[in-house]
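What follows is the residue order along each chain.
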Amino acid sequence: MVGIGYRKDFAEEFLQSNILDPSFIEVAPENWIGIGGFWKKQFLKVLEKYPLFTHGLSLSIGSPDELDFDFLRKVKVFLNETNSKIYSEHLSYAKCDNAHLYDLLPIPFTYDAVKHVSKRIKTVQDLLERKIAIEIVSYYTPIAPELKEIEFINMILEEADCELLLDVNNVYVNSFNHQYDAKAFIDQLPMGRVSYIHMAGHEKVSDTLIIDTHGEAIIDPVYDLFEYTMHQLKRDVPVLLERDFNIPELQELQIEINRLSAIKQSALKIKDYATV
Amino acid sequence: MQLSEPTFKHQSNLASYCRTGKLSTIPGIIRENVHHYRRLVYNVVDDMLQNAYPITHELLTAKEWEGAVNNFFTNHPCQSPQVWYMPKEFYQFLADTKHPLLKKYPFLEELLWFEWVEVELFMMEDKIVQADKSGNILSGRLVLNPEHHLLSFNYPVHNKNAKLIKISDKGKYYVIAHRNTEGEVIFTDSSPALIRMIEYLSESPLSIKELFNEFQQEYNLLLSDEDQKSIIRFFENAYKQQLIIGFGKQNDLI
Ligand SMILES: [Fe+2]
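As you go down the protein sequences, you meet chains G and Z in turn.
Residue numbering for the first sequence follows the working numbering, beginning at 13 and increasing consecutively.
Residue numbering for the second sequence follows the working numbering, beginning at 984 and increasing consecutively.
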């Protein structure tokens, strides 16, 4: 299965043609909770055609602030009403000192952050009555780190007993920005926890920095890393193409989807790999 | 478990830097990269505000706009987890803090409210009411579209180019905003009497005759034939525009 991030920018053409034909769509619940009128009608039509995966933005799982239980209850209703297959969130924080920032800030890789975040993931999973998939985010600077990124992530996955959304592009971006070997990083992740993969494009803003923009096509080295990941994974998981800005002709998105499918199929061809 | 002081403090410092541009010491950061966080966060907020308030953005100078956005984001803790709703807090912040721009542009507070109402009506959850689709506008009980807002302005922010609004335009402007079944938001010029009648309808469906009676009783006056005709014309049009979305079940009782 290869899906697409559903965006209002292409909603109309998406519904009216078959140019873009993903296996599922993904949205952020916060962009659709409590929405009516024109967009609700469009959304319901899309939901008739495609299964829904969700990827939250505002839960702020790594925040020092209290979890927003009112919001979480709304998310739960939304997930049930839309029969959402997956709820994923970012391993980051987007709210601090009682203020939402509407972007993903990096959590300090510290021991007490591990405890704090793991406990919150467990609370969220209990309340939602489902496992959630946590995404490794791109980051442009570490914040007072006591641990390596990989240690921080693995400790949380273990302690929270949650799933992993492996954003292959983010691993590539981080390996470039923080100078490590992306494949070695993937080798150290618990592949059994991967329930969802993200793929996207990015923007290299200098010789030492890539920003995770989701505004460009996926580049070849990220396709290569995806292929490598699929060989390590040895099983089929849903893959999402994320494109948030600078959206091209739908035909071009479909070409990317086809390429991702092809890479996945060929990596899984080797006998005895399970496919779904 | 609560975070220990240092981790919390570092997170707070980074968040505060994104909101204010003032960077405190954070161990281990890459100084030349950290400004991207401020840029990215600011751009999200600025984009959302420009989308919600295109007329205000056009009206203000670039410096005024940037100043207002910065002032808002620095000093106001945004409460909505849903970013589309955040611009309402911008309007409220400028109004609550009596921002100097509201003095420079005496109609600005109303313009912001007008622009926000359009966003909110366009986006808000569907409100379902029961109504027969067909009926007689003269005899049936009119069912009001609940997806509406009643507005009154001192300046014609809803129908005059904001750059051309002058002090001499000051007056009383009554406007009804509603969302039709296509999801479009429509603004209709109105009057105090019509607004009052819409308020009656928001309580329960009434026929035009019942509206006349209730209004005449409340204000102890008689509507002239001319007034009655023009009110009927208003409701005929309101039905076409789906401000009146249908008829109550007891159509034929009147
Ligand atoms: Fe992602």
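Accuracy of the hints is not assured; some may be wrong.
What the hints assert, rightly or not - Some, not all, of what chain G presents toward chain Z, calculated at C-beta under 10 Å:
no., residue
1, Ile259
2, Gln277
3, Leu280
What the hints assert, rightly or not - What follows is a list of derived Cβ distance ranges for each label pair:
no., chain 1, residue 1, chain 2, residue 2, range
4, G, Asp232, Z, Val1112, 37 to 47 Å
5, Z, Pro1089, G, Lys20, 27 to 37 Å
6, G, Ile45, Z, Lys1223, 48 to 58 Å
7, Z, Gly1050, G, Thr220, 27 to 37 Å
Since the hints were made in silico from the structure, they are not lab data.
The model shown is predicted, which means the values in this text are computed figures rather than measured ones.
Note that beta-carbon positions come from the ideal geometry of N, C-alpha and C, so glycine has one too.
Hint-by-hint comparison with the structure:
Contact between Ile259 of chain G and chain Z, as hinted, is not supported at the beta carbon level, the nearest pair being about 15 Å apart and thus beyond 10 Å. The beta carbon of Gln277 of chain G is not positioned within 10 Å of any beta carbon in chain Z (closest approach about 36 Å), and the interface hint is therefore violated. For Leu280 of chain G, the shortest C-beta to C-beta distance to chain Z is roughly 36 Å, which exceeds 10 Å, and the interface hint is violated. The supplied range of 37 to 47 Å is broken by Asp232 of chain G and Val1112 of chain Z, whose beta-carbon atoms lie about 56 Å from each other.
Between Pro1089 of chain Z and Lys20 of chain G the beta carbon distance is about 35 Å. The supplied range of 27 to 37 Å therefore holds. Remark: the range hint 48 to 58 Å for Ile45 of chain G to Lys1223 of chain Z is contradicted by a beta-carbon distance near 33 Å. Checked against the given bound of 27 to 37 Å, the beta carbons of Gly1050 of chain Z and Thr220 of chain G, roughly 33 Å apart, stay inside it.
When held up to the earlier numbered hints, the structure conflicts with 1, 2, 3, 4, 6 and fits the remainder.
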